[in-house]
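Trainee: Residue numbers (the working numbering), protein chains in the order written: chain A, 1 to 461; chain B, 1 to 157.
Because the hints were derived from the structure by calculation, they are not lab data. In this text the structure is predicted, and so the values were computed from the model without any measurement. Think of the CB as a built atom: it goes at the ideal place given N, C-alpha and C, for glycine as much as any other residue. A few of these clues could be false.
[Stated by the list, open to error] Per the computed footprint, the stretches of chain B lying under chain A, defined by three or more beta-carbons under 8 angstroms from a beta-carbon of chain A, are:
| # | segment |
| --- | --- |
| 1 | 3–9 |
| 2 | 45–52 |
| 3 | 72–84 |
| 4 | 88–97 |
[Stated by the list, open to error] Quick list of in silico lysine-lysine cross-link-like pairs, DSSO-like style, CA-CA up to 27 angstroms:
| # | chain 1 | residue 1 | chain 2 | residue 2 |
| --- | --- | --- | --- | --- |
| 5 | A | 302 | B | 41 |
| 6 | A | 388 | A | 120 |
| 7 | B | 139 | A | 120 |
| 8 | B | 139 | A | 388 |
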Amino acid sequence: MDDEQTVKTEGGRPPANPETETLDIWVAGTEEPEFHPTDEGTQELGPDESDDRLDDQFGRVVADDYLFDDEVAEEERTVLNMGPQHPSTHGVLRLHLELEGETIRRTKPIIGYLHTGMEKTAEQLTFSQGPTNVTRMDYLAPLHGELGYSLAVERLLDVEVPPRAAAIRILMTELNRIASHLVALATNGMDIGALSMMIYGFRERESILAFFEKTTGLRMNHNYIRPGGVAADLAPGWKDDVAAILDDLPKRLRQYDDLLEKNPIWLARTKGVGVISPEEAIAYSITGPILRATGVDWDLRKAFPYSGIDQYEFEVPVGENGDVYDRYRVRVEEITESLKIVEQVMDTMPKGDYRIGDRKITPPPRARIDESMEALIHHFKLFTEGFKVPEGETYVAVESPRGELGCYVVSDGQARPYRMHTRAPSFYNLQGLPIAMADSLVADTIATIASMDPVMGDVDR
Amino acid sequence: MSPILAKLAERFESVTWEESHGQDVARVPGENWEAFARAAKESGFEVCADVTAVDRMRSRPERYEVVASLLSMSHRVRLRMITAVGRENPSVASLTPLWPGAGYAEREVYDMFGIGFEGHPDLTRILMPDDWEGYPLRKDFAVGSVPVQFKMSHQVN
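Only chain B is shown next, with the shape it has when bound in the complex (with noise of 0.2 angstroms):
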């Protein structure tokens, strides 16, 4: 583990470390997320590199995480910061006021799975059109089809 990440995890108790295939990954719980995004941030993390989520149904107790990838132009260290976000009514702190970079990748997040990010400037559809009903990455959305005219023949009546 890098120095400047060994700093984070001791001011953080409530955090799990964990390594992915060489990857430093810190789990945050959501109200230590804004918390640990400044604290990073002071220690080197001068770009958030990407904001995305997972919706992970009925395996997790929480059903969304939350991924954001950091990176550290000064140190060369990336970190990805995960937090688990609930079913109900599913938000958590923005990073837009820490890293304005992240605005768009929050506003995908938001049109793709409905989570909310708390102070986030600007937070409106940003892929899909502003009257779709519905959060297309969720997985319980459905792929749909188009009805196809030459399908296989047991198919057509």
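Just chain A, with the same shape it has in the complex (with noise of 0.2 angstroms):
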């Protein structure tokens, strides 16, 4: 018994018998196959047969929005939970995905997992301390947050800061703004499976981020742009720096094309995915890179400019189709952009002062505190107690790398705002997520949620 199964099993298979084996196949004239006569109608593809339905079926036909009849038994949809821990959500952005078989009826992201209550905290620091709060809020565009805070600040106060000042403030935002949609670019990448172009978009911030460390001292949460100015002025042989950075860029910039410009998976998973239309954008309140992706030609440094960046020349790119391809495309451009402004404020910088010379709102010189009584006696008061603001609201907006960046705050004439209250263009933008989602397949979600770059601190703040 032990020998005939150590022989059955040798080889793996059992030893072939040529008298009991029989062939699996059919050979001619052993026996009568069944004879089927051709039918004509049988080939025909369907009752409909109109251009467009044979496009259709013959698949010319690419289409994100898929048709369904909407008497789907209950039984057949599916409630899907994405999130909070997830690696393509960009934080703890949850999702409740309503699906039939792979297609995504209703999206309904559940936000609030980063709330810390930024916009309480604001009421209990000062107006001097108060960058050091929403810089927090957008961590991939601090800066703007930054600039956006300290302009409702300033126009309370009724002060101008100095030429340099305002220029100073150009060149960081929208160096940050290139950082920003580096982070963007790189994660877009990194979710649909272009890992380059992760490590690309990571390794060119560096270069920006090392410029801002340099500047301001930290690489994120700067607290530099301050009420009355900038925190310090921009380090020696920063010329050299951004010099550095323009030269580096638009090479790196063409080399991200030639990844991603020609790669037919590239384009198939980003083309005519996570439609946006404008009048969606609109009724929304959608704003940034997303808003003119759709084709909208709006952006508030042409509208209504800030820090005298209407003195610089430059475009602002728009797509047509507001698909995920448009958006990836108009941060792109947007960063080519960003790049002439800064070569220009680098050609331009005035001389002078980096903040205002109002002692009430920012401290004296470290070394006239030695010398000076007064100046001590500033200084003591603007860091124990901080300035007064008089009695006002007043709601800024700027063009962050998400959109519209407001900053509404109300004083009450103390040194602490009564109410501040920052516009999240993420927190807006993710409301154009369930939009983008309907009637698309599983397969785009993270793909689209990529494109909508949203960044969770600035929606939950």
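Can you join these two chains into the complex? Each is in its own frame, and there are hints to help.
Mentor: Below is the structure:
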């Protein structure tokens, strides 16, 4: 018995016995095959043979929107929970996806997992401490948050910063826009599977963050732009650093184009995916690159110029289709335009002070404290109770990398804001996510989320 | 004042107009809130950029102010409309049927101030947990604190 089994398993198959083995093929003449006469009727494609229908059946039409009848039974719908811990949700975004098969019918974003009550915190901090708070909201564009807040406080104080301070602010915020868009490109690439793009985007961003570290002391959360000017003058040799960035980035952008522009997978995953129409974008208060990708030429830097940005020449890139690809393209082109602004600011950087000379608002230079009693008093008063802001309220908006970043500040004449509200662009842009994802495939979800570029610190505050 | 605002001002006599640091502010009575918003939308304010609220506590007769920032892209004009909302059962008409983009913002105001919006399709908490008690951005909501082990010596027993 044992021997027989050993033989059987040898070579992985039983030994061939030519007498009992039957071949599993049909040999002509051994039996009569069943005969089916050709029926012309069964070869018809279907009752509807219009050109549109045929194009659809032959797969010549690639559409994002699938038409389904609404009469689908309840049990055929699946509710899929995505997040808050998911690598492609860019933080702690949670989505309820209602699916029919692989088609998303409804999406509900659930937010608030990163809510830390920063608007409440702002009421406890003095006006001079405020930038430390707002810089942590949109952590990929911290300087824009600081700029919006500082402009609002300065408007309430009715002061104007020196030209050099305004130019430094534009230089820093435009560099910040480049850094933020590079992260958007990197994560967008990573989510779709272009892993090299992730490495490249973060690599180039690092060169800008190195410049930020040299200027402000920190890579992120700078607290650099403050009411009354900026915290410190540009570091010696800053022009060389900026020139190096200006020299390097256009080459890198061409590399990205080589990597992605002719990549069939990238194009298939982005073109016609996650479409938002211009009407929807305006109705849902969507701003920034997502709005411009739909073809609406709207940029606050052109419409309501701030901090002297109207003296620099740049274009506003717009898309056509409002899909993932156009949003990616708009961001790439915005990097190019921001580079133009940075170059102009570098060439025309005015001389002078980097903050206003009013010692009731900005602290005196450190060396003066040893010499002057008044300087010491001013320094002490500013850092213990801060400066008082006249009663009033104002709303100031700047164009952050994600859209309109507004700051609504109400003062009751004290040294702390009575109310500080931030119009967070990601918060409003997230309302477009259910629209972009309606009737699209599950596989396109992460491409769409990445192209909306939400920063959850900005959404939840 | 921009021409489209002047037209609006003619239509609504109950609205008081102010200028706040170069920005146009319309103080709208609560009962005219929706009608005024509708007229503003028809006159060219396509975008409701922001909705928020301020708790004025005792400094004003009506405790809350609801603030909406409107934006006209075609005319490049901004308008801030403010309405006062009373202390008891604070509520005002929702702007969401006019501008769907106000939906999240009004949910946030409801979440943070407890101000209701009549006609809002889904008025639920958005940032705080669903079972949270109280409205955090009200002035009578304490900031709260966490006991810290290492404090100044005289505060430690």
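Trainee: Hint by hint, say whether it matches the structure.
Mentor: Status of each hint after checking the structure:
1. 3–9: violated (count 0)
2. 45–52: holds (count 6)
3. 72–84: Per the Cβ count (4), the hint holds.
4. 88–97: violated (count 0)
5. A:302 to B:41: holds (23 angstroms)
6. A:388 to A:120: holds (19 angstroms)
7. B:139 to A:120: holds (9 angstroms)
8. B:139 to A:388: holds (20 angstroms)
Hint check: violations occur at hints 1 and 4; the rest are consistent with the structure.
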